[in-house]
Amino acid sequence: MLTQKNRRLLGVLAALALGTAITTLSGAASAQDVQITGPLAGQPAVRHMRQYRVNRFFITPSVGYTLQDEFSRALFFGGSLGFHFTDWLGIGAWGGGAPIDIDTDLTSQIASNGQVSPQNRLSLPSADGFPDQVGRIRWGASLHVLFIPLRGKLSLFQAGFVDTDLYILAGVGLFGVDERSDVSREQYRAACVDQPQPPGSSAPDCLATQSRTSRILPAPMLGVGLSMYFNEFIGLQIEWRAFPFSWRASGFDESGEDANGAPGSGFPDEQIDGADARTTFNQMLNVGIVIYLPTEVQITD
Amino acid sequence: MFAARHNASGRDDVASREAASNQGVAMRKASVALLARALAGAVPLPRSAVLLAGAALVSGSVLLAGPAHAQDMEFSLDEAEQQPQQEGSAEGADMSFEEGETQPTQESGSGDVIGDLATTETAAEQTETREAPTEQQEAREEIFAVQQVYALRINRVEITPTASFSLNDPFVQHTGVGVGLNYWWTNVLALGVNFIWYEGLENESDIGYFVRRATRLAVPVNSYQFGAHLAFTYVPIYGKFAMFNEFIFQYDIYVLGGVGLMNTRPIPVIDPEVRSFNFDIRVAFNVGIGLRVFVTRWLAIVAELRDYMYLEQLENLEVALGAERTNPDTWTQNSPAFINNVTAHLGLTIFLPFDFEYRLPR
Numbered sequence: 028m029l030t031q032k033n034r035r036l037l038g039v040l041a042a043l044a045l046g047t048a049i050t051t052l053s054g055a056a057s058a059q060d061v062q063i064t065g066p067l068a069g070q071p072a073v074r075h076m077r078q079y080r081v082n083r084f085f086i087t088p089s090v091g092y093t094l095q096d097e098f099s100r101a102l103f104f105g106g107s108l109g110f111h112f113t114d115w116l117g118i119g120a121w122g123g124g125a126p127i128d129i130d131t132d133l134t135s136q137i138a139s140n141g142q143v144s145p146q147n148r149l150s151l152p153s154a155d156g157f158p159d160q161v162g163r164i165r166w167g168a169s170l171h172v173l174f175i176p177l178r179g180k181l182s183l184f185q186a187g188f189v190d191t192d193l194y195i196l197a198g199v200g201l202f203g204v205d206e207r208s209d210v211s212r213e214q215y216r217a218a219c220v221d222q223p224q225p226p227g228s229s230a231p232d233c234l235a236t237q238s239r240t241s242r243i244l245p246a247p248m249l250g251v252g253l254s255m256y257f258n259e260f261i262g263l264q265i266e267w268r269a270f271p272f273s274w275r276a277s278g279f280d281e282s283g284e285d286a287n288g289a290p291g292s293g294f295p296d297e298q299i300d301g302a303d304a305r306t307t308f309n310q311m312l313n314v315g316i317v318i319y320l321p322t323e324v325q326i327t328d
Numbered sequence: 526m527f528a529a530r531h532n533a534s535g536r537d538d539v540a541s542r543e544a545a546s547n548q549g550v551a552m553r554k555a556s557v558a559l560l561a562r563a564l565a566g567a568v569p570l571p572r573s574a575v576l577l578a579g580a581a582l583v584s585g586s587v588l589l590a591g592p593a594h595a596q597d598m599e600f601s602l603d604e605a606e607q608q609p610q611q612e613g614s615a616e617g618a619d620m621s622f623e624e625g626e627t628q629p630t631q632e633s634g635s636g637d638v639i640g641d642l643a644t645t646e647t648a649a650e651q652t653e654t655r656e657a658p659t660e661q662q663e664a665r666e667e668i669f670a671v672q673q674v675y676a677l678r679i680n681r682v683e684i685t686p687t688a689s690f691s692l693n694d695p696f697v698q699h700t701g702v703g704v705g706l707n708y709w710w711t712n713v714l715a716l717g718v719n720f721i722w723y724e725g726l727e728n729e730s731d732i733g734y735f736v737r738r739a740t741r742l743a744v745p746v747n748s749y750q751f752g753a754h755l756a757f758t759y760v761p762i763y764g765k766f767a768m769f770n771e772f773i774f775q776y777d778i779y780v781l782g783g784v785g786l787m788n789t790r791p792i793p794v795i796d797p798e799v800r801s802f803n804f805d806i807r808v809a810f811n812v813g814i815g816l817r818v819f820v821t822r823w824l825a826i827v828a829e830l831r832d833y834m835y836l837e838q839l840e841n842l843e844v845a846l847g848a849e850r851t852n853p854d855t856w857t858q859n860s861p862a863f864i865n866n867v868t869a870h871l872g873l874t875i876f877l878p879f880d881f882e883y884r885l886p887r
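Chains A and B supply the protein sequences, listed in that same order.
FYI, the numbering for the first sequence is 28 to 328, going by this note's numbering.
FYI, the numbering for the second sequence is 526 to 887, going by this note's numbering.
A hint or two may mislead.
[Said to hold, decoys possible] Label pairs and their computed distance ranges (CB to CB): (1) A:I261 with B:L816: 23 to 33 Å; (2) A:N140 with B:F769: 53 to 63 Å; (3) B:Y734 with A:S135: 15 to 25 Å.
[Stated by the list, open to error] Calculated lysine to any residue pairs in the SDA-like style (CA-CA distance at most 20 Å, straight line): (4) A:K180 with A:I195; (5) B:K765 with B:V818; (6) B:K765 with A:W115; (7) B:K765 with B:V780; (8) B:K765 with A:G179; (9) A:K180 with B:V818; (10) A:K180 with B:A767; (11) B:K765 with B:V827; (12) A:K180 with A:V324; (13) A:K180 with B:Q750; (14) B:K765 with A:P71; (15) B:K765 with A:Q70; (16) B:K765 with A:F188; (17) A:K180 with A:Q325; (18) A:K180 with A:V81.
Since the hints were derived computationally from the structure, they do not count as laboratory data.
Keep in mind the model is a prediction, meaning the values are calculated, not measured.
Think of the CB as a built atom: it goes at the ideal place given N, C-alpha and C, for glycine as much as any other residue.
Here chain A stands alone, though its shape is the one from the complex:
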């Protein structure tokens, strides 16, 4: 097995090799670059193109679903709205609530098979109650810039043709999360250590350390999406978003502080606090119906 350092080195080398291959193999000129003389010289690459976005507002009701979650998935209901200054640039806002969340198989396994002992009683006061300490996303919102570099058509089995575009969004977001409350060392000792504990379980006072609190977390927001237009003002959007932030997804006592107060060592520090938060690369998939206003589309020469 390679060490972590060697793995990183291998990754960097692979990326360099791929980049070199792309730049050297592709050659200087793309065959698709319009380099012509004659009557077609200087003519636009596309004529009579429908500009679905320029000078139009949009509203997009959508549903979303988080991906790659360790303990709990969130089902979002919401939407986005915005305005496009040009056909390739716009601004937008997105918001949604997540009233429904679904535990992953790992959470179910811990709830049914997790073992409580004096050594892990802070991390897992109760196996049955583990879903109560798992971090959950409750809502999200973002302000972002939309960039639409690609326009084209999509043909399905040469029977159906739809105008499509691919867009990229970048901005900032805020997310409301529910997660396990802080537990100080004193609280932990009073509730879980000094109290008589039945074997394999926790006393009611210790269970109380699984209480929850809400926080609002800022996060960068990145995404990419595909729009497929049914007509001049209605289309289907499929969108992937990523919003990494640091939170207590598990509610475990995962990390401590060293003698200088720096996080990342000193486990177990016998307290639940900010040092136990881990950065996760949160992702979601959104599917929505985009409606453009006004309904008339601009068509190029």
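Following the hints, complete the assembly by docking chain B onto the known chain A.
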């Protein structure tokens, strides 16, 4: 004076109908003017060009009677009427055909209108060194309603080096490098193999360790050494898109499915002091979908999502007591688990041979 029709979307509106109607009138007038000049000998066109102009006249008349569709390209009557004056200048015409001159043949390796026009640049530059023609010349250019497929796949071999990443395993990141080989026996159907090497590139995440430490619950995880898979590929979708309304790229979307082998083993996490596992072969089925964006006629960027499905032998969560603890038969679970290893591939694809010939000239 030219016109090209390209029924791109099958949808039209009043504006495009009017534009098409105007275009049809322009096309007909242009064809009549060009044909008349050719017949009068004013324009030195080859015979085939005269025939084509006549055909364009007939086509323009026929199309005028039918419903109009959206166009991708058109040239106005004004542009065309100004053209002879420009061509009569000392700069000369960008494109001209004299007696006996022929267009580049398809065997030259071009394949579309844009490519052909680009190849005429050299000829146009050569004509600039000549004296300005005394006779007024008109350019003639053929634009076909349906262009040829940008890159033919039939009878070509495709080599695809890729990097791959697992998407649905939070405990082990199954990173791999691989290469695929496809033979296309039609333009849309291929049979191929791919090989992925994982050992040494995988990375076990921290979450497994945290869960074990916090809950005393071990999650069985596995590592891969390599995978080798046979798959049929079918291309149901292809098209083109414009980047910044300037650069045109061709793409296709393909689906694939097949069967292969995975060489995997459990990572001992329940009783690592005693247990160790060797790699073993599993039969794996795979289905996937991919996107191929052509950079040239022989090079493309490929992104693919593939699900490798197989029955995995997981480590036994229970440790046998006594001498049975060291019995390898007690180290794995009695029944295998069904695994979906959803993997993203990203890489290049190279078509060989680099050149190809179209079966028909147009």
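Each hint, compared with the structure:
1. A:I261 with B:L816: 23 to 33 Å: Taking Cβ atoms as reference, A:I261 and B:L816 lie about 25 Å apart, which means the hint holds.
2. A:N140 with B:F769: 53 to 63 Å: 55 Å, holds
3. B:Y734 with A:S135: 15 to 25 Å: For B:Y734 and A:S135 the Cβ distance comes to about 20 Å; the hint holds.
4. A:K180 with A:I195: OK: A:K180 and A:I195 at ~18 Å, within 20 Å.
5. B:K765 with B:V818: 9 Å, holds
6. B:K765 with A:W115: 18 Å, holds
7. B:K765 with B:V780: 18 Å, holds
8. B:K765 with A:G179: 6 Å, holds
9. A:K180 with B:V818: OK: A:K180 and B:V818 at ~14 Å, within 20 Å.
10. A:K180 with B:A767: 9 Å, holds
11. B:K765 with B:V827: Distance ~15 Å between B:K765 and B:V827 Cα, so the pair holds.
12. A:K180 with A:V324: 16 Å, holds
13. A:K180 with B:Q750: 41 Å, violated
14. B:K765 with A:P71: The given pair, whose Cα atoms are some 16 Å apart, holds under the 20 Å limit.
15. B:K765 with A:Q70: Distance of about 18 Å is within 20 Å: holds.
16. B:K765 with A:F188: Between B:K765 and A:F188 the Cα gap is close to 12 Å, so the pair holds against 20 Å.
17. A:K180 with A:Q325: Cα-Cα ~17 Å, so holds.
18. A:K180 with A:V81: 18 Å, holds
Checked against the numbered hints above, the structure breaks only hint 13 and satisfies the rest.
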